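Protein chains in written order, with the numbering used here: chain A, 1 to 252; chain B, 1 to 412; chain C, 1 to 182.
Be aware that one or more of the hints could be misleading.
[What the hints assert, rightly or not] Derived DEER-like restraints, expressed as beta-carbon distance ranges: (1) A:173 - C:134: 30 to 36 Å; (2) B:394 - C:23: 47 to 53 Å; (3) B:364 - C:16: 27 to 33 Å; (4) C:33 - B:235: 55 to 61 Å; (5) C:93 - B:339: 30 to 36 Å; (6) C:39 - B:222: 50 to 56 Å.
Note that these hints are calculated values from the structure, not bench results. Nothing here was measured: the structure is a model prediction, and the numbers come from that model. Quick reminder that beta carbons are idealized off the backbone N, C-alpha and C, glycines included.
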Amino acid sequence: MALSRKSGAGLGVGPDDATQVSSDAPANEPSALVVNTTAVGQPIVVSNTLWQSVDPNAYQGNLEPEVTHLRELANDPSSRRDDARWSGALEVIPTKADYVLDLIRANSLWPLLSGLACCAMEMMSSATSRNDMDRWGMFPFRASPRQADVLIVAGTLTTKMAGPLVRLWEQMPEPKWCVAMGDCTCSGGRYKRSYSTVEGIDRVMPVDVYVPGCPPRPEGLIYGMMKLQQLVKDRRGHWPDRAIGPTVPADV
Amino acid sequence: MTAAPPRGHLHQEPPSDDPRVQLDEAAGVFEPVPPYPPRTEREAEFYTLGDGEMFINMGPQHPSTHGVLRIVLKLDGENVVDLDPVLGYLHRGVEKLCENADYHHSIAYLDPLEYIASLFCEWPGVLAFEKLLDVQVPRRAEYIRVLCTELNRILSHSMFIGWMALDLGGLTPILYGLIERDEIAEMLAALTGQRLLYNYLRIGGVNGDINHEFMSRLGDWMSRATTQIEANTTLLNENEIFVRRMRGLGKMDKETAFRMAMTGPNLRASGVPLDFRRAHPYSVFPELEFDIPTREEGDCLARYLVRIDEIKQSLRIIDQCIHNMPDGPVTAKLPRLLRPRPGRAYAAVEGPRGQYAAYVISDGTDQPFRMRIHDPSFVHLQAVGVLMPGHLIADAMAVMASLDPIMGGVDK
Amino acid sequence: MDAALKRRLEARFGDRLTAPVYQRHDETEIRIGPGDVPDVCRTLHDDADFRFILLADVAGVDTGEVMQVVYHLWSDTSPDWLRVVADGLSRDDPRVPSITFLWQGAEWMEREAYDMFGITFEGNRDLRRIYMPPDYQSFPLRKDFFLPDDAARSPGAGVRHMEQSHTPRNARPGETMRKVRA
């Protein structure tokens, strides 16, 4: 369901919110992820200097990105579209098949049961009768990371738990996304000065959506998941260059 | 996780030539066995495998560990022979943070300890501060405290019923438990502003008076609470599979219960009618009429039934609070900067899991010198080492669920 | 304020108390030396006119000068909480006998006191760290362990094994630890 700019006005987000505009709806202005520089046609590449998988061949790191038979057009700079995607390193021209795949993925995001602390209660609450996340296909909270799409980190991340959590993240197969739920995962929250907490999970893993609150209301988490759906529809594919930290480029 | 952990004092396996295993070892496979020689007697005893035994790691991420708890199980087939719980995956350093914060601010740190029963975590801290400051709490505030904490108790027990069934494999009762929890959470959100970590109790009273929305929601809910709770619990009480699985499981007699320093429903299910609201009264409990449900058997079913009976007694207490609510202020007048006299104070309350307590040492400054928080889940979780061995894995999970631990409280 | 309890305690343990029995509100406090802990606790547990069979709490305290281990007990013979303070442990090598022979439930509470303060409980079969990782070097609740004050200088700055085992670099020079006669 595409949120047009007018209908999204009351959602409490600013007019510059990128996800209010769906780039797959026809005749929309380009996504706000476009940087207003002259180099609009250049792909925005976030190079991966911080995080490497153990196996250099994992995540197709050393393979050529998948391109369609329109490889010539892809490599031709004059044919670049205006809405430069920040995952332009793949230099994929979106096709209808990709669009459908991303739509499928967005409407069937399976979270991993990774509730660590109090926010897990609100996550459970948002998944059950009153605020039902099953309406968007997110009901099966998988116990195994191999079967999950989204890692909703709900609760304080401590230094002892950071290792297992990153291991869980590594075990999840691509495409995968990460939602930082609650203040403790966004920035450390009320435990920012403690000796044993990690100030925000974006110090150890890439994060796509931040849902602040202590704990965020179930409606808040659902809004965060809807934003994630929007991101899934916008991004189209996986990112071998994804780095630890927020997955939004620094220019935005 | 940079180098492969050295093979421990256990099986001395030759290095593998399977490239997948080599890759795993290079990545640092998460072995249940610690990569150093045993340091204590118990560690040596546990990490020595007998004939036909194996280790299974129920890692910190597991659907039935009530949070982030890691248990290394020593199994003989499917029987649990021994287990070693590893804690600390949620240790947030609350006691140290409280030492560096004001007295008023420390109350907010106490909330997320047991996030289901937040008000019971704040209450002993607040009581201890009031003892140090010799503050008299107004009667209306005391009644409001009892009211909202009893609601919190019902919320916690409703979730317990859900989790108990979930750990046995039943996926429906958790939904019913969460319906109850959502209703009470909305009620308390109308009163305190928050669904979960209320931060409502203040030194000398509570944060705000009762408002219309809270009363209307409360009245609405009370009118159908009894039937709703009956319906939720009948679903399980009359379920033959549930009852037969739980009966006789994890029996704990009186001596074991005292030896493991149990309090609360776990102790009352073993035949000891000890409830600190009657045995060591605080607040306005001497004026309220309620019974103390006790059971003799000491098994999982008894612990479950005791909590259901406690819900009914809590409804009774809430009813009396509503009808006998006095008028008056809801908080005592206190200066913003609190400097109690040097001294020590210990306060304990009876919560849904047992005794919640706080031991505060004051040195005359505006920050507590030592804020010791005693949490029942931490103490009760030791009982899994005593009760679980000898059962099958599935029953072992039921035993742990019946002790009702919350990892926020266990790890502080 | 149970005067009868105070009399019984003084009669029974008079020579081992290192301070007068202190009572305030609903708490009674006795102070003993660390070596007396097993005998005193056993007497309090077994004796017919004490019967302090419920162990409520075991806490470690760092007063800045000495360390203490504080036990809270409850009995149905008295309306007061009984606090037993094992006082006078040195800050360099605090040792106290364990009471796990009476209450097995004290095992983890003693492990926590060891983890947070470094107090060694002699006789505890399982004295290893419980909250911090097993290779952690510091004892966080000691008064000479300072909290990091800035996120950038904190342990969680993006390194895989995040642990700070020394005083952070931003600890203000000349900042002394707080000492208290508790």
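Comparing the hints with the structure gives:
1. A:173 - C:134: 30 to 36 Å: Since residue 173 (chain A) and residue 134 (chain C) have Cβ atoms about 31 Å apart, the given range 30 to 36 Å holds.
2. B:394 - C:23: 47 to 53 Å: Given range 47 to 53 Å: holds, Cβ gap about 51 Å.
3. B:364 - C:16: 27 to 33 Å: 30 Å, holds
4. C:33 - B:235: 55 to 61 Å: For residue 235 (chain B) against residue 33 (chain C), whose Cβ atoms are near 57 Å apart, the range 55 to 61 Å holds.
5. C:93 - B:339: 30 to 36 Å: 34 Å, holds
6. C:39 - B:222: 50 to 56 Å: 53 Å, holds
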